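4 protein chains.
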Amino acid sequence: MTEEAYEAIARLGTAPLWRYFGNLFNAEPRSRAVPYLWRYPELRPYLLHFADVLSLEEAERRVLMLVNPGLPDPPATTTTLYAGIQVILPGETAQAHRHSAGAFRFIIEGRGAYTTVNGERVHMHPGDLLLTPGWHWHDHAHEGDGPMLWLDGLDFPLVNALEAGFFELFGERTQKAEVPDDISSRQFIHGRLTPAWDPRPGPNSPIGNYPWTETARAFDAIAEDATGSDADGVVLEYTNPWNGGPVMPTIGCRIARLRPGFRGVVRRQTPSTIYHVVRGSGASRVDDQLLEWSEKDVFAVPGWARYQHVNSSTSQDAVLFSYTDAPAITALGLYREEVA
Amino acid sequence: MTEEAYEAIARLGTAPLWRYFGNLFNAEPRSRAVPYLWRYPELRPYLLHFADVLSLEEAERRVLMLVNPGLPDPPATTTTLYAGIQVILPGETAQAHRHSAGAFRFIIEGRGAYTTVNGERVHMHPGDLLLTPGWHWHDHAHEGDGPMLWLDGLDFPLVNALEAGFFELFGERTQKAEVPDDISSRQFIHGRLTPAWDPRPGPNSPIGNYPWTETARAFDAIAEDATGSDADGVVLEYTNPWNGGPVMPTIGCRIARLRPGFRGVVRRQTPSTIYHVVRGSGASRVDDQLLEWSEKDVFAVPGWARYQHVNSSTSQDAVLFSYTDAPAITALGLYREEVA
Amino acid sequence: MTEEAYEAIARLGTAPLWRYFGNLFNAEPRSRAVPYLWRYPELRPYLLHFADVLSLEEAERRVLMLVNPGLPDPPATTTTLYAGIQVILPGETAQAHRHSAGAFRFIIEGRGAYTTVNGERVHMHPGDLLLTPGWHWHDHAHEGDGPMLWLDGLDFPLVNALEAGFFELFGERTQKAEVPDDISSRQFIHGRLTPAWDPRPGPNSPIGNYPWTETARAFDAIAEDATGSDADGVVLEYTNPWNGGPVMPTIGCRIARLRPGFRGVVRRQTPSTIYHVVRGSGASRVDDQLLEWSEKDVFAVPGWARYQHVNSSTSQDAVLFSYTDAPAITALGLYREEVA
Amino acid sequence: MTEEAYEAIARLGTAPLWRYFGNLFNAEPRSRAVPYLWRYPELRPYLLHFADVLSLEEAERRVLMLVNPGLPDPPATTTTLYAGIQVILPGETAQAHRHSAGAFRFIIEGRGAYTTVNGERVHMHPGDLLLTPGWHWHDHAHEGDGPMLWLDGLDFPLVNALEAGFFELFGERTQKAEVPDDISSRQFIHGRLTPAWDPRPGPNSPIGNYPWTETARAFDAIAEDATGSDADGVVLEYTNPWNGGPVMPTIGCRIARLRPGFRGVVRRQTPSTIYHVVRGSGASRVDDQLLEWSEKDVFAVPGWARYQHVNSSTSQDAVLFSYTDAPAITALGLYREEVA
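Chains as they are written, first to last, in full-length UniProt numbering: chain A, 1 to 340; chain B, 1 to 340; chain C, 1 to 340; chain D, 1 to 340.
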């Protein structure tokens with residue numbers, strides 16, 4: 001009767017765990033994502049091409065998604081995170097909307113654009129990190145010259161995997177400015193000083209922009225005096241002023257300086273990470289792949305993949321911006337790391 | 001050139017967001033999971049059949065997975081959670097192992113079995129909730145008469161979706177008892193008293209067993225004096241003594257009494273929930289499905305599905321055990337609910 | 001000019017730190033409080049006498065304050081805590097009021113009285129711990145036979161030292177019952193189960209009564225199977241269900257069983273502690289004092305005083321209820337302990 | 001017998017609560033501290049005089065304590081806080097020690113001195129806020145020209161009231177530099193960026209110096225664009241990077257800009273506050289006292305005293321540094337405020 005029993009239990013909406021056990025419980029994680037590098041110089045011409053032929057009215061957002069070859073459908077850059085390169089032209093606006101997914105932009109090139117986040121206009125400059133946390137209204141506008149390009153980071157692969165995503169269009173194309181421009185940054189970015197009137201602690205950072213000028217000052221101030229991390233160099237975390245933690249509950253953002261000749265130790269961790277090369281060139285071995293990166297490139301390190309960063313130059317710094325799902329993985333009790 | 005451009009960008013590992021936008025950002029969640037009911041009387045004969053024909057040496061665990069028809073591969077009961085019915089016979093043992101996934105058992109029938117969790121033997125009785133949090137060694141043994149059946153709840157769909165799962169076999173078939181039997185329960189379950197020597201606060205409850213005897217006393221003590229929830233009746237959360245929160249960082253467990261004739265309001269929430277009927281019979285409308293349940297059945301309510309519980313009896317209580325991913329969804333800032 | 005300078009600076013409202021330094025900064029704390037024991041059999045007749053001659057209309061509360069000889073003015077039992085013995089007679093009521101100071105009662109003898117706390121009537125039985133956290137309305141009434149006596153514990157020495165105390169009389173002599181009697185205890189005390197409707201997490205426990213019946217069950221369940229503390233025996237902390245911490249932000253309450261023949265190690269800690277002997281007899285050496293205690297006695301252990309508990313009996317348990325300012329001292333970063 | 005009873009209970013170490021009730025429970029706090037102003041120009045000559053006649057070998061620290069006329073013994077500035085003005089001359093060193101009390105210095109005038117805190121040399125400039133949290137080794141040295149004067153703030157009145165204070169001399173007169181000078185400030189002060197290697201979250205800020213240069217940049221950046229507090233102006237809290245909270249668990253530090261002509265609303269709160277005038281002049285009505293302050297003055301606002309700040313100038317800003325015991329009062333559940 002056993003074969004019949006297998007058929008019968010299938011009809012009852014069940015399956016025998018003992019035939020699936022090995023697939024469901026692996027000795028260690030094997031990410032479907034693969035180590036991968038996207039070269040900015042290769043992508044940029046196509047971004048400009050589509051900027052030319054596709055209006056922002058047609059494309060809600062004009063973005064090339066960086067699709068991990070291991071994660072084509074639904075498209076994602078790592079298991080939980082997404083990266084895209086967005087371009088906007090002078091005079092354009094991108095429709096205001098909001099979504100459960102948390103997002104940020106890290107500005108690559110251009111000048112004169114701004115994002116309006118819940119009524120605050122936040123201006124962009126290369127190297128700035130702009131936040132649009134989950135369910136915050138945001139639209140983009142470009143009042144400068146030349147194309148504006150940035151890296152978009154979102155957690156929608158995670159939010160969609162959890163089937164917890166909402167989306168809503170704003171009633172008008174763009175929001176009106178309701179507070180002074182860039183006020184959140186100006187109020188929160190200096191000297192670890194926090195406005196003490198009307199405190200509104202929350203899981204998301206209230207800071208619209210972590211400007212590159214301050215990040216540069218941080219590296220200048222630290223100079224050669226930090227020990228830093230053996231694996232990640234002089235690595236700084238962007239923090240939420242309300243609790244000192246990561247900028248959003250699902251995404252942590254970091255900026256790292258690899259000194260000339262830096263050769264990191266081999267490390268791996270359960271969270272996945274996406275890197276953007278702010279400056280310099282080097283190589284990262286990720287499991288069995290060697291990713292040789294240069295300025296403005298983007299690359300993905302899957303969770304539990306071994307990585308080792310090297311700054312190829314013996315005279316120039318390399319600077320890597322990165323973001324990870326470590327806050328989510330940690331909150332769920334799943335963080336683990338290993339240093340070789 | 002545009003078509004060529006689309007081909008070229010695909011070769012570069014990118015895709016145009018504007019062609020995917022609607023699929024990636026939905027107005028609200030649409031779970032692939034469907035509302036579904038598993039009737040215990042239909043499953044029980046097959047469990048006993050496989051207990052008869054399949055040894056525990058062959059099957060690491062002898063469990064019928066309750067596979068949601070919308071989530072066949074990988075198999076899951078809701079998007080993030082798993083339910084199975086496990087059977088073990090007198091004299092059997094189930095191999096000691098541990099995994100990143102958090103787990104619990106809710107005992108359905110039988111007497112005389114125990115689980116050893118990190119060296120503590122925890123004995124099972126119908127209605128008991130036993131915890132084996134992530135990365136805790138656990139094995140099962142049955143020293144009583146007759147088959148022992150229980151509901152297994154795990155978060156491996158979540159852990160596997162996050163690609164953060166580890167698994168390890170214990171060096172021997174079973175663990176030795178290293179502390180007095182059932183000590184954790186005896187130390188933590190009474191009068192909200194917590195042992196004050198050697199405190200070890202952590203994200204998981206240290207309690208091996210939340211015994212039914214105490215749960216029954218809780219309902220007796222509350223009697224008709226609680227207002228309860230309009231949607232969920234007199235619903236109590238099993239808590240972690242160290243922080244008052246849910247028993248594990250990814251899974252919350254609850255027990256609810258629906259008074260005779262109870263008819264809940266319609267509610268929905270982003271977390272998904274799996275119910276097990278401890279006592280009584282009734283019906284739950286879940287979106288457009290009517291799930292008519294009786295004692296020992298299991299049913300699934302997907303995230304953001306509207307549900308309404310009814311106790312069909314006008315003289316008998318219905319008691320529903322349930323578990324949900326609400327702790328995870330909340331920690332990630334994605335909790336949302338709506339009451340009609 | 002120096003002597004003139006000293007006079008001049010005094011007139012300007014200043015003083016030379018260098019003439020005070022040694023008094024302000026000591027090598028270690030030297031409490032003004034002394035180790036002290038109050039024998040219940042000596043106090044009881046006077047409590048009954050005053051119950052006889054003094055009405056509750058005359059005395060807002062009829063309490064003998066246990067005044068530490070080292071802390072006469074303002075009167076206190078330890079530096080931050082107060083203990084008193086209160087008596088109330090059948091038919092009496094004590095005026096409803098509230099104060100910033102947190103309070104509890106630990107019931108010593110009698111039956112039939114209750115406290116109404118923010119509209120909930122909480123009934124008293126020997127061994128029960130009843131809470132009236134800061135700024136909660138409370139009045140007492142006695143509907144039984146014979147006198148009712150209990151230990152009052154408050155933090156007003158701390159609150160008054162911080163000059164942060166408020167007090168208010170209720171508009172009427174007693175509050176009306178607004179919820180079912182003893183509902184908080186019935187909802188929160190069993191099986192670590194917490195009502196999941198209308199959660200109201202806060203720094204104070206919502207439990208009106210931690211009944212002795214449950215405390216006794218805890219000790220019975222643990223039996224001889226706990227290791228316990230070398231200094232304090234099998235010591236259990238009453239906890240706040242919302243966060244697993246102490247019952248109030250300023251006062252922690254504990255109950256300890258010293259096994260027959262228990263002889264603790266010598267320990268000291270910055271918090272101060274007041275003990276009440278629930279059962280048995282023994283002795284505690286506190287610095288150079290030997291406090292020989294019997295059932296119902298109260299004794300004080302000042303902060304940073306060395307103490308060592310001994311259960312003199314080789315056949316009977318001793319049970320000590322205690323309370324301390326450890327939650328406050330710890331929150332302020334001032335906790336320190338030392339075991340000899 | 002009643003009079004005898006009163007005598008007898010006194011001999012037993014007790015007192016009748018009913019004869020003390022009104023003194024122990026007041027309708028609202030009445031601080032023994034009084035509103036008071038210390039004028040810097042009056043104090044400065046005496047500080048220089050004592051610098052002249054008293055060596056730092058004789059005086060562990062050369063400080064004029066600002067003693068509140070209501071709190072002469074033990075001397076304190078408010079109920080829980082202390083303020084002093086310290087002077088150190090070129091070439092001097094002040095002995096390394098540590099104490100449980102938390103401390104900071106706010107630099108008033110001079111240049112060329114530094115404090116060594118747990119092995120880090122922290123250099124001082126006017127307007128800088130330097131921390132020496134509880135139990136951190138610290139010594140001072142002056143390598144510049146001219147006298148160096150600063151405001152010392154400590155919580156020893158609180159720590160001593162709680163009888164929880166320890167003190168220890170360092171084995172040598174001064175500590176050696178064990179890390180690069182000013183490294184903590186350089187690593188933590190810019191752009192809300194936190195070093196991500198070797199995180200050591202704790203209740204005290206790891207920042208040795210919150211430099212005036214950054215504070216000035218904050219005010220410049222905010223300019224006229226902040227709403228600010230009706231009572232306290234554009235008031236910013238110095239924060240602990242690890243948790244976003246106050247710099248120490250007992251002391252919160254703030255800096256406020258009162259715009260020209262600012263006239264605050266009347267407010268009171270249970271914490272007490274000490275102000276130091278960094279710039280400008282104005283007046284604060286505190287209960288029935290009018291404190292007319294100018295640059296470098298210090299004044300005390302007792303807990304629950306009504307205060308109203310006015311910037312007398314219609315063209316110049318006033319800038320007030322302040323510190324309070326609000327973190328302690330809040331942690332103990334005793335915070336309360338009232339705005340007229």
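The hints are simulated quantities; they were obtained by calculation from the structure and are not laboratory data. It should be emphasised that the depicted structure is a prediction, and the values quoted were computed from it without experimental measurement. Backbone N, C-alpha and C define an ideal beta-carbon position, used for all residues, glycine too. Watch out, some of these pointers could steer you wrong.
As the list claims (entries may be wrong) - Capping the alpha-carbon separation at 25 angstroms, the derived lysine to any residue pairs in SDA-like fashion look like this:
no.	chain 1	residue 1	chain 2	residue 2
1	B	Lys176	B	Gly91
2	B	Lys176	B	Ala141
3	C	Lys176	B	Ala223
4	B	Lys176	B	Val53
5	A	Lys176	A	Ala161
6	A	Lys176	A	Gly22
7	D	Lys176	D	Glu58
8	C	Lys176	C	Asp225
9	B	Lys176	B	Asp139
10	B	Lys176	C	Ala221
11	B	Lys176	C	Ala27
12	C	Lys176	D	Thr227
13	A	Lys176	A	Val265
14	C	Lys176	C	Gly144
15	D	Lys176	D	Gln86
16	B	Lys176	B	Asp230
17	B	Lys176	C	Arg121
18	B	Lys176	B	Gln86
19	D	Lys176	D	Glu57
20	D	Lys176	D	His136
21	D	Lys176	C	Ala27
22	A	Lys176	D	Thr227
23	D	Lys176	D	Pro147
24	A	Lys176	B	Gln86
To be verified - Here are some of the chain C residues that sit facing chain B, going by a computed Cβ distance under 10 angstroms:
no.	residue
25	Pro74
26	Phe167
27	Phe170
28	Gly171
29	Thr174
30	Gln175
31	Pro180
32	Asp198
33	Gly252
Claimed, not checked - Coverage of chain D stretches by chain A, computed from C-beta distances (three or more under 8 angstroms per stretch; other residues unrestricted):
no.	segment
34	198–210
35	235–243
36	322–329
Structure-based check of each hint:
Taken as a hint, the Lys176 of chain B and Gly91 of chain B pair is honoured in the structure, with Cα atoms around 16 angstroms apart against an allowance of 25 angstroms. This hinted pair checks out: Lys176 of chain B and Ala141 of chain B have alpha carbons roughly 12 angstroms apart, not beyond 25 angstroms. Distance hint between Lys176 of chain C and Ala223 of chain B is fulfilled; the C-alpha atoms sit about 22 angstroms from each other, no more than 25 angstroms. For a cut-off of 25 angstroms, the pair hint linking Lys176 of chain B to Val53 of chain B is broken: about 28 angstroms separates their Cα positions.
A C-alpha spacing of about 33 angstroms is found between Lys176 of chain A and Ala161 of chain A, which places the hinted pair above 25 angstroms, so the restraint is violated. For the hint pairing Lys176 of chain A with Gly22 of chain A, the CA-to-CA distance comes to about 55 angstroms; that exceeds 25 angstroms, so the pair is violated. Distance hint between Lys176 of chain D and Glu58 of chain D is fulfilled; the C-alpha atoms sit about 22 angstroms from each other, no more than 25 angstroms. For the suggested pair Lys176 of chain C and Asp225 of chain C, the alpha carbons sit about 45 angstroms apart, so the restraint of at most 25 angstroms is broken.
Restraint check for Lys176 of chain B and Asp139 of chain B: the C-alpha separation of about 10 angstroms stays at or below 25 angstroms, so the hint holds. At roughly 22 angstroms between alpha-carbon atoms, Lys176 of chain B and Ala221 of chain C fall within 25 angstroms of each other, so this suggested pair holds. Annotation: proposed proximity of Lys176 of chain B to Ala27 of chain C is violated, straight-line Cα distance about 50 angstroms (limit 25 angstroms). For the hint pairing Lys176 of chain C with Thr227 of chain D, the CA-to-CA distance comes to about 45 angstroms; that exceeds 25 angstroms, so the pair is violated.
Restraint check: the Cα-Cα separation between Lys176 of chain A and Val265 of chain A comes to about 49 angstroms, which exceeds 25 angstroms; the hinted pair is violated. At roughly 19 angstroms between alpha-carbon atoms, Lys176 of chain C and Gly144 of chain C fall within 25 angstroms of each other, so this suggested pair holds. At roughly 23 angstroms between alpha-carbon atoms, Lys176 of chain D and Gln86 of chain D fall within 25 angstroms of each other, so this suggested pair holds. Between Lys176 of chain B and Asp230 of chain B the CA atoms are separated by roughly 47 angstroms; this puts the pair beyond 25 angstroms, and the hint is violated.
With a CA separation close to 49 angstroms, the supplied pair Lys176 of chain B and Arg121 of chain C exceeds the 25 angstroms bound. This hinted pair checks out: Lys176 of chain B and Gln86 of chain B have alpha carbons roughly 23 angstroms apart, not beyond 25 angstroms. Distance restraint check for Lys176 of chain D and Glu57 of chain D: the Cα-Cα separation of roughly 19 angstroms lies within the 25 angstroms cut-off, and the hinted pair is therefore satisfied. Under the criterion of a C-alpha separation no larger than 25 angstroms, the hint pairing Lys176 of chain D with His136 of chain D is consistent with the structure, at around 14 angstroms.
Pair hint Lys176 of chain D plus Ala27 of chain C holds up; C-alpha atoms about 23 angstroms apart against a cutoff of 25 angstroms. Between the alpha carbons of Lys176 of chain A and Thr227 of chain D the distance comes to roughly 19 angstroms, so the proposed pair stays at or under 25 angstroms and holds. As the CA atoms of Lys176 of chain D and Pro147 of chain D are separated by approximately 23 angstroms, the hinted pair is consistent with the 25 angstroms bound. A hinted pair counts as satisfied when its Cα atoms are at most 25 angstroms apart, and Lys176 of chain A with Gln86 of chain B does not qualify at roughly 59 angstroms.
Among the interface hints, the one on Pro74 of chain C is violated; its C-beta lies about 31 angstroms from the nearest C-beta in chain B, farther than the 10 angstroms criterion. Residue-level restraint check for Phe167 of chain C is violated (minimum Cβ-Cβ distance to chain B is 29 angstroms; threshold 10 angstroms). For Phe170 of chain C, the suggested interface contact is broken, since its CB lies about 24 angstroms from the closest CB of chain B, more than 10 angstroms. Contact between Gly171 of chain C and chain B, as hinted, is not supported at the beta carbon level, the nearest pair being about 26 angstroms apart and thus beyond 10 angstroms.
Because the closest C-beta pair between Thr174 of chain C and chain B is about 21 angstroms apart, greater than 10 angstroms, the hint is violated. Interface hint status for Gln175 of chain C: violated, as the beta-carbon distance to the closest one in chain B is roughly 18 angstroms, over 10 angstroms. With 10 angstroms as the threshold, the beta carbon of Pro180 of chain C comes within range of chain B, its nearest partner Cβ sitting at about 4 angstroms, so the hint holds. Interface restraint check: Asp198 of chain C against chain B, minimum CB-CB distance 7 angstroms, threshold 10 angstroms, status holds.
The beta carbon of Gly252 of chain C comes within 9 angstroms of a beta carbon in chain B, closer than 10 angstroms, and the hint placing it at the interface holds. Beta-carbon proximity to chain A at under 8 angstroms applies to 5 residues in the segment 198–210 of chain D; the threshold of 3 is reached and the given coverage holds. Note: the segment 235–243 of chain D has 9 residues with beta-carbon separation from chain A under 8 angstroms; the three-residue rule is met and the coverage holds. Closer than 8 angstroms: that is the beta-carbon criterion, and the segment 322–329 of chain D has 0 residues meeting it against chain A, so the requirement of 3 is violated.
Hint compliance for this structure: hints 4, 5, 6, 8, 11, 12, 13, 16, 17, 24, 25, 26, 27, 28, 29, 30 and 36 are not met, and every other hint is.
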